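These protein sequence lines are chains Z and G, in that order.
Just so it is clear: in the first sequence, position 105 is 85 by our numbering, and no numbers are missing.
Count along the second sequence starting at 1, add 163, and that's the number in our numbering.
Everything labelled a hint here was simulated from the structure, so no lab data went into it.
Every value quoted in this text rests on a predicted model; they were computed, and no experiment measured them.
Check before you lean on any hint, since a few could be wrong.
Claimed, not checked - Label pairs and their computed distance ranges (CB to CB):
(1) A167/Z <-> V172/G: 34 to 44 Å
(2) N13/Z <-> D269/G: 44 to 54 Å
(3) I198/G <-> A178/Z: 52 to 62 Å
In this text, a Cβ means the ideal position worked out from N, Cα and C, and glycines have one as well.
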Amino acid sequence: MTPGQRRWMFGLGAAGLVAFYLWGLSGLPGFGNYPGPYGFVILHFAVRQTNATGIVSAVNFDYRGFDTVGEEFILFAAAAGTAVVLRRLRGECERSAVDEAADRDVPPTSGAVRMVALLFTGPVMVVGWWLASHAQTNPSGGFQGGVILATAFVLVYLAGEFLVFRRFSPIALTDAVEAVGAGGFAAIGLAAVAMGLAFLTNYLPLGQTPGAVSSSGTIALISFFVGLEVGAAFVLIVGELLDQTLSIRHGGG
Amino acid sequence: MMAYFPFVVVAWILGIGLYGIVTSRHLVHLIMCLIVVQSSTYVLLLGVGYVTGAVAPYFYDVPAHTPAVDPVVQALALTDVVVEAAVTALLLSFAIQAHKRFGTLDPQELASLKG
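Can you make the complete structure from the sequences, with help from the hints?
Here it is, written out as structure tokens:
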């Protein structure tokens, strides 16, 4: 198919899409007139039932916790998939004497980049943990916190180089942390089953003050484990992609 | 018209993303276009759940019965972002392997190759 034909095909499909979309729009209640009862029911009961003031986290880790288990394992599977797709191919080697020699020729990192990255690594780590442990309070949670935690490791890479990044995040340790994060979420849910409750029932004490760090029972705990899982998964993915810069150089193709 | 403006924005983002995918000459560009397509779903989800004059569904510093927007679609948007990040990482690693194997990242050249 030539690019011209391709564009024609796209135009045809797009015209159909526009027609159906407009038809669909005509049945919507319009922006700002949310009709569904589901959201309002949750808003009405969430603070009383879970003692969490962050209702999005309450939905993610409690009311729809089962979906979030699935979502977390999508990320788990993607990290594993990246590792499998980027495995060492024939003729590639990941470690070489050239890259690990003490007097190797490394392009120098700019002093400004190194300075900023080092300055930010600590604070970014703290912000990540803060987000992962305040899901019950405000717009934070394990997913956001985990990504920011992973960023701290990328800053280590920016300040130094890939081999330093690897020293800060050894693959075996990152794998273990990811497994603990993913398994912890499932284990919290299964503990409820062992107690004769439904999977992922919020069985921990909810605390006194809504939105306090100690409130909301399993929501806070699950968010913490999700933070571990997401952080480790992204460190693994970034590490796998950076690994390729070494492999490609030595693979010759 | 204003009542449907966010949904028109959704269609526009979806449309330019799809156009980018169809005409792409570089796999990394194609993956970025897929991200653009997926971004339209965030706008759609948040647009559907919006309530005029309502606050975000967080009651830390407002009374518990303040009118708020639908928290369920916001949770779905969060899910969406995570899945997108995972899919992007996986697709980028496929692009790396495609380049190693075939020496090109042009999808139209890749289509004419037999693996």
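Going down the list of hints, with the structure as the test:
| no. | hint | verdict |
| --- | --- | --- |
| 1 | A167/Z <-> V172/G: 34 to 44 Å | holds (42 Å) |
| 2 | N13/Z <-> D269/G: 44 to 54 Å | holds (46 Å) |
| 3 | I198/G <-> A178/Z: 52 to 62 Å | violated (36 Å) |
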